[in-house]
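S.K.: The primary structure of each chain is shown beneath.
2 protein chains.
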Amino acid sequence: MRDFGPSEMARRNYLFETIREVFKLFGYQQLETPAMENLSTLTGKYGDEGDQLLFKVLNSGEFLKKVSEADFREGEHNVLPKISEKGLRYDLTVPFARYVVMHQNEITYPFKRFQMQPVWRADRPQKGRYREFYQCDADVVGTDSLICEAEILMMIKQVFAKLGIPDYSIKINNRKILTGMAEVIGEKGKEGDLCVAIDKLDKIGLQNVRDELYQKGFSVDSVAALGPVLEKERRSNQDWFAFLKEYLAGSSTGMKGLNELEEVLAFFSQLGGAEQHVVFDPVLARGLSYYTGAIFEVQVEGVQIGSVSGGGRYDNLTGVFGLAGISGVGFSFGVDRLYDVMDALGIFPDQQSEGTQVMLVCFGEEERKKGLALLSAFRKAGIAAEIYPDLDKIKKQFNYADKKNVPFVAVIGAEELVNDQISLKDMKSGKQEALSLERAISAIINSSLK
Amino acid sequence: MRDFGPSEMARRNYLFETIREVFKLFGYQQLETPAMENLSTLTGKYGDEGDQLLFKVLNSGEFLKKVSEADFREGEHNVLPKISEKGLRYDLTVPFARYVVMHQNEITYPFKRFQMQPVWRADRPQKGRYREFYQCDADVVGTDSLICEAEILMMIKQVFAKLGIPDYSIKINNRKILTGMAEVIGEKGKEGDLCVAIDKLDKIGLQNVRDELYQKGFSVDSVAALGPVLEKERRSNQDWFAFLKEYLAGSSTGMKGLNELEEVLAFFSQLGGAEQHVVFDPVLARGLSYYTGAIFEVQVEGVQIGSVSGGGRYDNLTGVFGLAGISGVGFSFGVDRLYDVMDALGIFPDQQSEGTQVMLVCFGEEERKKGLALLSAFRKAGIAAEIYPDLDKIKKQFNYADKKNVPFVAVIGAEELVNDQISLKDMKSGKQEALSLERAISAIINSSLK
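Protein chains in written order, with the UniProt record's numbering: chain H, 1 to 450; chain C, 1 to 450.
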């Protein structure tokens, strides 16, 4: 797990603010849930592997009270439920589902919420994968309108435009198209295995996907029938749709998925969205089995970092908590990966204005009295200001301003005291001028607006 | 632990933003540390009671691997270190100290950092006390300049002024004054017991404080000598200082504390601070034993909620991690309590502009096509906008806007479509007008500026 120092925090806050602004512009409202949830809420939602990766919190006090010697000899499986009742959240989706069920009577549907909080996974740390990382989720539940999907495409494009990320693709697919594929190749009902296998196409290659399908019992004929899908030529979205209209003709589910997809893109176009960056990908499955409609995933070109955003529609998010029939669609930005992307591309904006804008350097005690009054005047003008707190050597004071990247230093010596002026030094250009307080304030504000 | 829905989040963000702005104005830079720290970092820093209240995280995988049957029979004390290595942070001070030691060579001193993150305590939940709550800390380390203390007083006053909290007191004391008191009453070296007892004066009353001191071995004479301090009359700060000048004359440490206090207030006055709300309190000790100089605590009048802010100077924060001689001073806002205070006083500002500002209601499919284009135009103008995603009954759509407190509804029916206009309804006044897009945008922006 990582510490974030001042310059990283300034950049992270820039990402959070950019995403938050877009979420709010689209009518999403913020929600926060606690770090700990009951293990009964968390377990069984992320598959066996996910359950392994949950951080479990030890019950407080005499945590061994309920554990018998027999339990102990049986091992972890018997001991765990007796010493731990809570775990750290693994994502923001399950806590959101729990929230919707708990507050179902207060919520106005459709409910558009966003959530930006850390999640924890007891994973082996590696590049781009952390044990503590932030997710920024936006979901809308209580409507099956495909306008929501179109708005998600708009939001992703808007965030990327604001961040200045030039080359990326928003891959889009529909779970029903995957279901339809399984049907038309003669393997109806096996879309689960199909998804798991073809989802890995980019990672393991065509032959390995085929082998995995054979192992799962797919016939040679059906794998051959998948050919035109797996041997993805570069086609335009429109060419793909034309192809699928024939390919999926035998599956009403598949055709429904295709229609949904076309409708999403129609709404997207009515919203003024340009299809640039939006790429249909027939093998996109995102592993997760709970998607029932649209599936999204965003990849940035030119960097070796996994997907930075993804999501999809689910028809039964809250069913597992006893509230059926709530359809929703959502997506998530991985801020830690976005950070790595921006950093790798070198496109973070200059964050100089985030920190202190002026530092006061005083020659002696009398000057410092004056300095303290000026300090408050700068702050009253909205300028982040500090005074070097000790009467150290002037050089040491300047060094401090330099190391902290403070753009202006205001020097107060004997002469400035007599003339009621400030010697304002622009640390970048090295230029120094004797100014009145008012003119110094203007100079600093004008410079920060550049 | 608590969920925070949209309206609570808007208010909480307002508090965080207000505090963050002031911290930044004073030159503090943001830091974030991970939720989990090694238990070796956390334990032994908060006393026995604190150690009990740490949330411990179970090691992942085969957590019982290292536990022998003998350990198990010995109980929690032997088992804990073998099944848990990490805990959730209990405050932001210890992680900050750990950070300073880890990054000592990269840090420019004086190092001014702020941190706004949740902390966790396995406490029995009660009013004003939560198991998960946010702290907002600002500390400066690497200087013993008393300007820092004066700036803390300024920051507290500025935050309270911005929040509009009218009646509050910033109690201030100095640990050396407490040490001096122990000396002059003839109980030198026993200021620890003295602090613990007199700190409770407001809670348990004079007689109980005296009894506790007797129990701790204080003589009748020395408790009697404390009389003028404990029987706190309402004196002005200046009267107190005059009194203490004689009372503490026999203790050089006590006199040093008094001088420090007067110097803090002199710097505060040079910064332009008015002494209103700043109250010297000779029995303020804040329990914590690591304060070595100034001690602060802020109480809001008119509400039964504990202190909302507090802090002090410590001369050896990082000594326990092997880095001695780093003096610092810091303080913290308890945002959850500040929330309760603001809520109890009914002084949260109207947060209407936080949410969606306009919702589009469309009569049919053709109108919706137009509506989607308008939606993007509103957002392009920076107006948070949404469209009701389904073609439901108009009344249902209006109900949604009403429940979500959306101030404007833009209606698009057949007539509006023909005239290329929007019927903009002000939900508060009920007034409805047919407007061009441009005029509708102006109307919404002007209304939100009010």
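FYI, nobody ran anything at the bench for these hints, they're computed from the structure. Among these hints, one or two may not hold up.
Pairs involving identical chains hold if they fit within one copy or between any two copies, as the list cannot separate such chains.
[To be verified] Okay, derived cross-link-like pairs now, DSS-like style, lysine-lysine, Cα gap no bigger than 30 Å in a straight line:
hint : residue 1 : residue 2
1    : K157      : K65
2    : K24       : K396
3    : K157      : K66
4    : K256      : K404
5    : K203      : K404
6    : K370      : K171
7    : K45       : K395
8    : K200      : K380
9    : K24       : K431
S.K.: Evaluate each hint against the coordinates.
M.R.: Hint check:
When the C-alpha separation of K157 and K65 is checked against a cutoff of 30 Å, the pair qualifies neither within a copy, at 54 Å, nor between copies, at 49 Å. Taking identical chains as interchangeable, the C-alpha atoms of K24 and K396 lie at most 30 Å apart only when they sit on different chains, with a minimum of 23 Å there against 45 Å within one chain. With identical chains, the CA atoms of K157 and K66 are never at most 30 Å apart, being 53 Å at best within one copy and 51 Å at best between copies. Taking CA atoms no more than 30 Å apart as the test, K256 paired with K404 passes in neither setting, with 58 Å inside one copy and 33 Å between copies.
In this assembly of identical chains, the alpha carbons of K203 and K404 never lie at most 30 Å apart, being 44 Å within a copy and 45 Å across copies at closest. Only between protomers do K370 and K171 lie at most 30 Å apart by alpha-carbon distance; the minimum there is 27 Å, versus 61 Å within a single protomer. Taking the shortest Cα distances, K45 and K395 never come within 30 Å of each other, neither inside one copy (60 Å) nor across copies (38 Å). Within a single copy, K200 and K380 get their C-alpha atoms no closer than 58 Å, and across copies no closer than 38 Å, so neither meets the 30 Å cut-off.
In this assembly of identical chains, the alpha carbons of K24 and K431 lie at most 30 Å apart only when taken from different copies (26 Å versus 43 Å within one copy).
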